[in-house]
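Novice: Sequence:
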Amino acid sequence: MLPELFHTVKAIYFDLDNTLIDRDTALGQALPGWLRARVPDLPESQYATHIPQILTRDNSGHLDRVTFCSGLQSTYGLAGTTGDIANDLAAAIAACITRNEAVVYFLASLRRSYRTGLISNGQGGTQRAKLVAAGLSGSFLPDTIYIGGECGYEKPERRIFDLVVHNLGLAAHDILFIGDHPLNDVAGAQAVGMKTCWVSHSLPASVLSTPPDMTLVSIDKLFTLSPVCQA
Numbered sequence: 000m001l002p003e004l005f006h007t008v009k010a011i012y013f014d015l016d017n018t019l020i021d022r023d024t025a026l027g028q029a030l031p032g033w034l035r036a037r038v039p040d041l042p043e044s045q046y047a048t049h050i051p052q053i054l055t056r057d058n059s060g061h062l063d064r065v066t067f068c069s070g071l072q073s074t075y076g077l078a079g080t081t082g083d084i085a086n087d088l089a090a091a092i093a094a095c096i097t098r099n100e101a102v103v104y105f106l107a108s109l110r111r112s113y114r115t116g117l118i119s120n121g122q123g124g125t126q127r128a129k130l131v132a133a134g135l136s137g138s139f140l141p142d143t144i145y146i147g148g149e150c151g152y153e154k155p156e157r158r159i160f161d162l163v164v165h166n167l168g169l170a171a172h173d174i175l176f177i178g179d180h181p182l183n184d185v186a187g188a189q190a191v192g193m194k195t196c197w198v199s200h201s202l203p204a205s206v207l208s209t210p211p212d213m214t215l216v217s218i219d220k221l222f223t224l225s226p227v228c229q230a
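Just so you know, we're using numbering that gives the first Met the number 0 here: the sequence shown kicks off at 0 and counts up by one.
Since the hints were made in silico from the structure, they are not lab data.
Ranges of calculated distance between the beta carbons of each label pair, as one might list FRET restraints:
1. F222 <-> H172: 24 to 32 Å
2. P39 <-> S208: 40 to 48 Å
3. A170 <-> P42: 57 to 65 Å
4. G192 <-> R56: 33 to 41 Å
5. H6 <-> R158: 24 to 32 Å
6. S208 <-> R158: 17 to 25 Å
7. S112 <-> T209: 23 to 31 Å
8. R110 <-> E43: 45 to 53 Å
9. S112 <-> G76: 50 to 58 Å
10. P51 <-> A107: 35 to 43 Å
11. A107 <-> T214: 23 to 31 Å
Each residue gets a CB set at the ideal place from its N, CA and C atoms; glycine is no exception.
All chains, full assembly: derive it from the sequences and hints.
Specialist: Below, the structure is given as structure tokens:
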């Protein structure tokens with residue numbers, strides 16, 4: 000099925016967190032040190048309980064960041080605004096991102112046949128640090144990287160997707176967007192008419208408002224299904 004879907008588009012754009020990079024694993028690695036540094040009075044015996052609770056509440060980043068960080072603030076008495084906390088934690092996550100050679104090769108191969116790019120929420124500095132850590136800073140042309148904190152609006156807002164369509168000079172249905180978030184990625188791209196591929200991480204299809212054109216459990220599946228990687 001994927002080869003047929005690929006043959007129907009001229010451009011393929013990606014989400015970053017939990018699509019091209021393993022943001023959840025990085026969060027799991029970053030959180031213990033981050034929490035100890037900011038809540039030093041928490042008894043050592045309680046870290047083992049609190050960290051899984053935070054990871055569950057984070058819900059792979061699907062919980063709204065203001066709500067998530069407000070919960071951290073009220074639970075642990077953290078200083079600063081929810082935005083400060085979100086940026087601080089995002090920086091800690093970025094420091095734990097690792098390079099995936101398969102993703103680097105896949106994107107390089109894809110660029111031989113398609114126009115490619117990135118649409119990501121978050122602050123520019125943090126997201127670009129993730130790209131560098133993942134070895135993806137050279138995987139996209141500079142003018143094909145759209146980061147919410149730099150654009151002034153974020154997914155699922157229509158404006159960021161419309162901007163991509165306009166700058167590509169293509170019809171929306173000639174663009175495939177690949178991402179993991181049911182609302183921000185799938186519904187957001189569908190709203191402007193893009194084709195969509197959902198990276199589900201085994202979530203049930205019931206979390207989607209409208210079925211995507213394709214579903215994959217993980218981005219790794221693309222490495223074997225993509226026609227550009229079957230040399």
